[in-house]
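Chains H and X, in that order, are what the protein sequence lines are.
Here this note's numbering is used: position 276 in the first sequence is 276, and no number is missing along the way.
Numbering-wise, this note's numbering comes out as the position in the second sequence, counting from 1, plus 323.
Possibly wrong hints are sitting among the right ones.
What the hints assert, rightly or not - With a straight-line cut-off of 25 Å between C-alpha atoms, the simulated DMTMM-like cross-links for lysine to aspartate or glutamate are:
id, chain 1, residue 1, chain 2, residue 2
1, X, K478, X, E497
2, H, K106, X, D451
3, H, K80, X, D521
4, H, K106, X, D508
5, H, K80, X, E523
As the list claims (entries may be wrong) - Partner residues are not named here, just some residues of chain H that face chain X (Cβ under 8 Å, in silico):
id, residue
6, G36
7, S86
8, N90
9, L102
10, I219
11, K313
To be verified - Derived list of chain H stretches under chain X, where covered just means 3 residues or more per stretch with a C-beta under 8 Å from a C-beta of chain X:
id, stretch
12, 121-131
13, 229-243
Everything labelled a hint here was simulated from the structure, so no lab data went into it.
This structure is a prediction, so every number in the text was calculated from the model and none was measured.
All C-beta atoms, glycine included, are put in the ideal place defined by N, C-alpha and C.
Chain residues, written in single-letter form:
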Amino acid sequence: MSSLTLGNRIKSENVTIQASRLRPNTISSGHRACQGCGEALAARCAIDAAYEAANGKIILVNATGCLEVFSCATPENAWKIPWIHSLFGNAPAVASGVAAALSNQKRNDIRIIAQGGDGSTYDIGMGCLSGMFERNDDVLYICYDNQAYMNTGVQRSGATLPFTRTATTLPNSKYMGNDPQTGKNVPQIAMAHGIPYVATASIGHIHDLEQKIAKAVQINGARYVHIHVPCPLGWGFEPSKTVKIAKLAIKCGLFPLFEAENGKVTKSTPIDEVIAVDDYLKAQRRFAHLFSKSASPDPLSFLQKIADKNIEKYGLKKGISNE
Amino acid sequence: MLCQLEGSQAIARAIALCRPKVVCAYPITPQTHIVEGLGELVRSGELSECEFINVESEMAALSVAIGSEAAGVRSYTATSSQGLLYMMEAVYNASGMELPIVMTLGNRTIGAPINIWNDHSDAMSARDAGWMMFFAETNQEALDLHIQAFKIAEKTKNPVMICVDGFILTHAYERVDIPSQEEVDKFLPFYSPEVCLDIEEPLAMGAMVSPDYFMEVRYIAHIKQMKAIETIGSISEEFFQKFKRKSGGFLREYEIDGAETVIVSMGSVAGTIKEVIDELNANGEKIGLLSLICYRPFPADILNKALKNAKKIIVVEKAFAIGIGGFLSREIELAIKDKEIVSVIAGIGGRNITRSMLKECFLQKNNNQSTKFLGLNEGIIEAQ
Ligand SMILES: Cc1ncc(C[n+]2csc(CCOP(=O)(O)OP(=O)(O)O)c2C)c(N)n1
Ligand code: SF4
Ligand SMILES: [Mg+2]
């Protein structure tokens, strides 16, 4: 036993790419994201990691959404790699086209990444995404999940959690926010296509995120990485708390971290110390109505059940493996 | 090489001769045989080094072409009717991004009510989408226009749509002259765009543009298309020199010298109109035809010259805007002022356009209505 990795000697492989002096900076500072934007942070971590793993040979296809708008607006462009934006709902198909062109030119060394928010991924782009998966096109798709349509002013998407307050799911007499009977699970839908690699990641665990992206970018075929990206503006928390909020989501089990290959979960990241969902929800104004004096306790126990199920399903309790 | 071929097969052969690197489409009647034909040419190896991709929708079909064209390779798709509407957001996107994609539109009407037969409603729905649009009169012209289309598109950095009447051309067997690969290679050079998605020279495509620049972007697109009139003319002339066949260009004249009445039409209906003209002129009438091939950019000056001696203009049009009337006749009015222009809406949803209908219509003297619906069954309307 020694304490070498704990600070006496930090080897370069133990440092995240983001912490390294040589980080690629695929997206430069000066873009227009809000302060503390989880999506901006995740994109930087993910694309830098992909860039490292692919020796800088990356082409990016971006769906419409916050990331597209804040990173590239004439005459400014924050990307130092080839980047294309076409529409809100077609990024996976555009990426399939880029992949077809490159495969035709025998340039399989160049890796293609399509990226979009949860709205483009879950809702309007679902058809194109499923088509790209089903054809097993050589594309890595990254979903930046901030659980609503942020770019248009925080409206509900298919990724919005039950009971969330958004601009289109205001708490009223019928529902305490977003209808709990709605929503879907895109990582599971991706797995159902039997594609070679699916993973969830979070900016609350950058090391894990970088490793998953580095792995994903090198696999051939369709791949899907789903990143949890808290949004200070849409969720209602201080910009300095973004990473903390992401960590709370992991710790309570509402955002399980796992990997799946060919449709089967192969690995999950156990939670050191499981916390109650309340600790996560309380920290955000989008759930404030669930904590008012008159609020019923049912929504909280509903959300707790989702977290408990995740913990069980993915084996997130320390010492209990999912296999 | 002369062959007796179905129109769709002729188009598929033409596309294969243009050596696209990515072909991607979604089936819809009457376009299906074109894509099936191309699939077969890829399978047989006649079209080699081409990625043939089966997608889940027209939105994906054109989006794949957007991606592959942006990555720098020649790309092709085809659709009809509902399919064009389904991909419409990408139709505007492709022209906005100046991607020289070529698309065949097997013309079919638009529902509801659903109807698979021919008219030009689908093409008209995309007439303002920034694509160049050409209408083929015969299968030979359809074949020739596709070969010219890639050259026009790539030279002007603008997508091109070739409109081919559904069934009437797509499913009709006609004799066509298919050029050799060598001839086409000499006419259509290898495609290498000035800029594309390239890791050596990274660039951003499709970025947000603010009000400070947007109007200029649109203005340039307009000027670019108007200027393309020159390019289209010289490419059809070059085609004539190399293939010894007049195909494409702006319009085709028939019995125009001394004609008092000039018919204007687009697409395959010109064939029937010419027969009617022959018959009527043999009896002393003075009727001519202008078959408009290039619809976008709209060659107003060229039309103006061709129509200046006409006393009366009859526009036979296979689409109209509900609540206004014919599209083409309105546009002809832009090209030529102070002439009697009659709009004849014909062939909607596949309604037959017969010689006797046309004859009666061309001979009618005092028109009290400027829009007529050819072959309208009054009985059906009254019963409603
Ligand atoms: C066809 C179409 N419908 C709607 C829009 C408007 N729109 C632009 S971005 C957006 C929301 C994006 O949400 P998401 O994908 O979650 O990305 P985020 O902004 O949250 O990162 C919407 C609705 C559009 N651009 N195109
Ligand atoms: S609204 Fe949210 S996702 Fe969009 S830029 Fe701001 S913080 Fe980022
Ligand atoms: Mg979102």
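Results of checking the hints against the structure:
{"no.": "1", "hint": "X:K478 to X:E497", "verdict": "violated, 31 Å"}
{"no.": "2", "hint": "H:K106 to X:D451", "verdict": "violated, 37 Å"}
{"no.": "3", "hint": "H:K80 to X:D521", "verdict": "holds, 12 Å"}
{"no.": "4", "hint": "H:K106 to X:D508", "verdict": "holds, 22 Å"}
{"no.": "5", "hint": "H:K80 to X:E523", "verdict": "holds, 11 Å"}
{"no.": "6", "hint": "G36", "verdict": "violated, 22 Å"}
{"no.": "7", "hint": "S86", "verdict": "holds, 5 Å"}
{"no.": "8", "hint": "N90", "verdict": "holds, 4 Å"}
{"no.": "9", "hint": "L102", "verdict": "holds, 6 Å"}
{"no.": "10", "hint": "I219", "verdict": "violated, 19 Å"}
{"no.": "11", "hint": "K313", "verdict": "violated, 30 Å"}
{"no.": "12", "hint": "121-131", "verdict": "holds (count 4)"}
{"no.": "13", "hint": "229-243", "verdict": "violated (count 0)"}
The structure does not agree with the numbered hints 1, 2, 6, 10, 11 and 13 stated previously, though it agrees with the rest.
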